[in-house]
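Asker: Each chain, letter by letter, is given below.
6 protein chains.
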Amino acid sequence: MTRRLAEMTTVEAAAAVVDSPVVLLPAGAFEQHGPGLPLATDLVRAEAVTDRVVARLDGRAVIGPALPVGVSPHHLAFAGTVSLSTATFAAVVREYVDGLYRHGWRKILVVTGHGGNDATLTAVAQDLLVTRPDLQFAWSPLTPLAADVVASAEPPEISGHSGEAETAQMLALAPELVHTDRMAAGTTRLSELDALGELARRRGGPKLTLSYERLSGNGVLGDPRRADPEHGEAIVEAIVTRITDFVRAWLKA
Amino acid sequence: MTRRLAEMTTVEAAAAVVDSPVVLLPAGAFEQHGPGLPLATDLVRAEAVTDRVVARLDGRAVIGPALPVGVSPHHLAFAGTVSLSTATFAAVVREYVDGLYRHGWRKILVVTGHGGNDATLTAVAQDLLVTRPDLQFAWSPLTPLAADVVASAEPPEISGHSGEAETAQMLALAPELVHTDRMAAGTTRLSELDALGELARRRGGPKLTLSYERLSGNGVLGDPRRADPEHGEAIVEAIVTRITDFVRAWLKA
Amino acid sequence: MTRRLAEMTTVEAAAAVVDSPVVLLPAGAFEQHGPGLPLATDLVRAEAVTDRVVARLDGRAVIGPALPVGVSPHHLAFAGTVSLSTATFAAVVREYVDGLYRHGWRKILVVTGHGGNDATLTAVAQDLLVTRPDLQFAWSPLTPLAADVVASAEPPEISGHSGEAETAQMLALAPELVHTDRMAAGTTRLSELDALGELARRRGGPKLTLSYERLSGNGVLGDPRRADPEHGEAIVEAIVTRITDFVRAWLKA
Amino acid sequence: MTRRLAEMTTVEAAAAVVDSPVVLLPAGAFEQHGPGLPLATDLVRAEAVTDRVVARLDGRAVIGPALPVGVSPHHLAFAGTVSLSTATFAAVVREYVDGLYRHGWRKILVVTGHGGNDATLTAVAQDLLVTRPDLQFAWSPLTPLAADVVASAEPPEISGHSGEAETAQMLALAPELVHTDRMAAGTTRLSELDALGELARRRGGPKLTLSYERLSGNGVLGDPRRADPEHGEAIVEAIVTRITDFVRAWLKA
Amino acid sequence: MTRRLAEMTTVEAAAAVVDSPVVLLPAGAFEQHGPGLPLATDLVRAEAVTDRVVARLDGRAVIGPALPVGVSPHHLAFAGTVSLSTATFAAVVREYVDGLYRHGWRKILVVTGHGGNDATLTAVAQDLLVTRPDLQFAWSPLTPLAADVVASAEPPEISGHSGEAETAQMLALAPELVHTDRMAAGTTRLSELDALGELARRRGGPKLTLSYERLSGNGVLGDPRRADPEHGEAIVEAIVTRITDFVRAWLKA
Amino acid sequence: MTRRLAEMTTVEAAAAVVDSPVVLLPAGAFEQHGPGLPLATDLVRAEAVTDRVVARLDGRAVIGPALPVGVSPHHLAFAGTVSLSTATFAAVVREYVDGLYRHGWRKILVVTGHGGNDATLTAVAQDLLVTRPDLQFAWSPLTPLAADVVASAEPPEISGHSGEAETAQMLALAPELVHTDRMAAGTTRLSELDALGELARRRGGPKLTLSYERLSGNGVLGDPRRADPEHGEAIVEAIVTRITDFVRAWLKA
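Protein chains in written order, with the working numbering: chain A, 1398 to 1650; chain B, 1398 to 1650; chain C, 1398 to 1650; chain D, 1398 to 1650; chain E, 1398 to 1650; chain F, 1398 to 1650.
Identical chains blur together in the list; that is why a pair holds if it fits in one copy or across any two.
Keeping only pairs whose Cα atoms sit at most 27 Å apart, straight-line, the calculated DSSO-like set for lysine-lysine is: (1) LYS1649 with LYS1504; (2) LYS1604 with LYS1649; (3) LYS1504 with LYS1604.
Please keep in mind that the hints were generated in silico from the structure rather than gathered at the bench.
Here the structure is a predicted model, which means the values were calculated and not measured.
Full structure from sequences and hints, please.
Answerer: Shown next as structure tokens:
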């Protein structure tokens, strides 16, 4: 039986409120991912992870409506990117939560394939402490949960957006949407950046947010040509395991 | 080649700005559709129509990001319904438009499978006259465009949400999501309504908006058991033809 | 005795909460109506209709504060037009409702002389289902309620804003504000429109909102010189009858 | 010829932009004025003053749309009062200004019959310095401009809302709306107030805003029975003279 | 023991809710004060006054968080000025109040050194009547409370911002931040103003808000060179006495 | 000479725009810090760090207005805590930036002593990419910049808010505000938490935000009794060095 509310009738949804106390909301971005990956890359990965997690939870969780567009102002210089302001993204999350809360759900987890959503999701979580004190609201990134697996492939000095790990996940999950023939390395070394770009990537100091066209000519950080589907599968699997473990513990808490 | 921006890379998106001056945005709702149809019914239909329309336009149009959740406060009493406030739905539409506008698009058409979105889409269109005077923003409903085909099946006195015409479309487009075995008639005659419900359905006078639980015990208006996939296909085809004709004329205007 | 709250003292208002369960709010626009009609045309008509309706209701309804400015961005190119954004118009309606609700009223009807307000009034009605579930909020247009009477005069192919029917109503209601000597035909045939204008007026397809200067050089749709006060009186009378019938039924519901 | 934009056509409005560089906007309140005066008292006075001022300015000023509802939260305990929040009242003023500005006007004066609007009008004036630096935005109260005339009647220790001076103005301007037979003294001495009320009325110290039901059982401050139309006419005349003088100087500035 | 919440631990704050029913919030501005006074002048004075007031109240009042930036759009042409919009300043005040209210405080007094905050503080007070009906919210200016002392020094025809009285207060309170060597007279006579400036300063008529660069080349109204610390001390003392008297009465009300 | 804009006159501020291209804004929180530290702990540390950083930059940076209240909903159950919503905190930051930008500054760094501000500062940074594309906006936390120094003291399994490192900094910077006599250990081991609390502190998985009363009875994480001023000085020094290095590089970028 489907675990997606979208595919359920209201009759099944009413049962799910009782049987499935956790709702997962997949969130993506609608943004450039270089010459090889589609604009929906982050949603594709979030939905795939969400599907797998829920499949392992013995009917104790369901999937709610998706957030296909996220907070991507740093990619707007690249054609096709659509972004919500942080205020609007927050309002959408809050109103999804409001509807689910009204039906009785109290544990909601946003699974975001896009790191640009992290700050706003945290801000929403903070505000909900005041406005919905009996709600438990969590969110999860994807790739950072598999940092160890990502590191095992020894990525270059700079690797991230549309790079080795993200491309690998897409090769594992949706190879039909990946254009391996067009792929090209993006920025892979700090020395390729100008002084401002270098500051924006420096760890352990103040945070400087820059538009991506300042960091990479083709919008890529890393070298997607080095990506491989088996490594991608290992990354996805690590993410799925860690989120599933979390939800299992949450269901008992 | 895909006509969905979501599946394109930024390279293809850049080409589409030049070659495909029209962007269609499918909008749905995440709301109860009685015991037989899924919560995503309106998005399923909007996406199917959008796909067909774009397929007939010789590459002159593309599909942008979807709006999976719409304005559905009247269905919130039924489990699973998620709704955006009119202000938030408007903000999302406006910001989708902002992104597409930035890349160069000037003709944007929202195709909504959900009538509850109509008012907010009109309000957005009005505000855009001031804020984006050189943009052409249009929106289209689905079923009302095929009013003649719908009428040919001689529906009962009351028929609408999750009724004959909507169920027929789903039987034609996504039969795997339809539970014909569970279907039951909803409200089909004015005499089944209380005085307030009757006022809300009366034509030619003031408009009174009521929550759906006041209009129908199972959330259905009409009798979905009378729906038939061939009639559904005829409805969809009429809608697709009329939207396609509009876009063809628009491309020349 | 006056039925206008504005002219009552708080003592009479307190009695009205008990005796007059329905409040009517006249809404207009402050917008161009061609060379012959005043900017306040829509409020003048809404107030006249509201007065007549309330006069027939045996003290069971009162008139609340007016909305003299509406949503008119499509007329801003013509001198004198003042418009509220849809968000601000909605806020004003909501706060009028808040005040009346606080005093005890639960049935509120906005009578709008301006079609540009319809979408926002519907959006307000939707949002109120969530925020004021025990309120009954309705709104009514004017001329569309008398579509049969309007059609009886066989208007030209295009007729609407400041045209035959609207001018006729003003001749019946406020002839001292009508400049018949200056009137001139506006756009009366589809063939006078450019391709985009034609699309915006086409029925049965997607909705495209355009600024009025694209539709008519003098801001008029139709030929106001054909208007006649007796026909105007018949239109007004039909509108008043239909709204009155609605309110009578509502009072019993 | 009318000096009210509402009664002009767009043709006359276009001429007025050139000939009449100042627009006056009458603002009122929709609030209790005790047992003797109507809810619209403040708008009635503002409109009367505005009419007289404009009549003396030789066609150099026009009257724009009215603000029939103001900021009256302190009167909401009394039946019939309708109030806008300060944010919504500000938005309405700002958008009236936006429309007039677009047509070319640069000198806008709000004439408010209600002191509860003063703070928000000042806030709007402050924000406009940033958003419309080439606009000149002014606002004027009514009765405070005639403080000397008011004092000449030797009002009691407490006199203000619906008291001697306000009632006198209404007797001069709209006697048909005044119920002299029902009038009764409100609070007239500090000793009638409780300690908090006394603090709220104390001059020369911190400002404490209280709801009116704490200050007066019948909503009146002062004794309206002492009001007299000739004194009211003198107050109105003083106000009109001072606003007219201001506008004459402004037209030359 | 400190009376500043900022310097208390949560343990002391919990005791203060019981023992100290009044919270004072010092509000300033971050704005030009001519060549002689620092940008923080208004906060410096507000904090000094607040400290003195609270010191005289026998532990019955505490000092809450400061508002270091106020509403100063009229000074933005002068370097260093930072201003909040009226909406944001109002939101900050409201949310400070929300926090204090949650802990149990019901009497909150904002002491503002900057007159540009007055209107927004009044607007907040009005809105709080509806949203927090059991809260008592007051605010106080500084210099206007000592109008008699200020007048005793016979200031020039125009004197105000950064002039005699304000400079004197700073000489008394924070002489180390005053640059007497650089001081120069600003505008001191109406005849130095242009026609518009003269209108903006005229008493007893409509209020016209202008940017300060139109009123004074160096941002000063009055002649700060005439300021003297003893007079400043007398002004401060008068302010402190009047606020203290108010709070003492308030504590008993 | 002072490096604080607050203490400068507008004349010095005008010079600073030219000579000091970087503005630092210290941000704190107004929140419980257990029985030993004051509510202003985060601002005290942010201001001390900011002062030291600017002192090392040879006049190339100045300090702008402070943000004394931050985003602290998780501490509202503890007396004295005042919090801004994320939307209001963002608005304040944005409007500080607007003012500084208007005067010519293009490099702005918020130094936040409170981790609860991080998400909103990131969200502001994202939105500014669209609204102020030529601005460089950065923000920095404090303690995380000295993670190595903190770790050298071998803190317990759980240590953070008001714990060893934060208390140590306060002992170094403002010992007069620290109540060592009252200090008590807070939560120091995962096993002291309930299942939900444990999930909220777990690393490497989804993020769950909880109110602090669920994590610690006295609001403390860690054991402040173990704090020592010399270690605190080392932490502060590491933070100052890293921010200074960043700004030096930024000035050249």
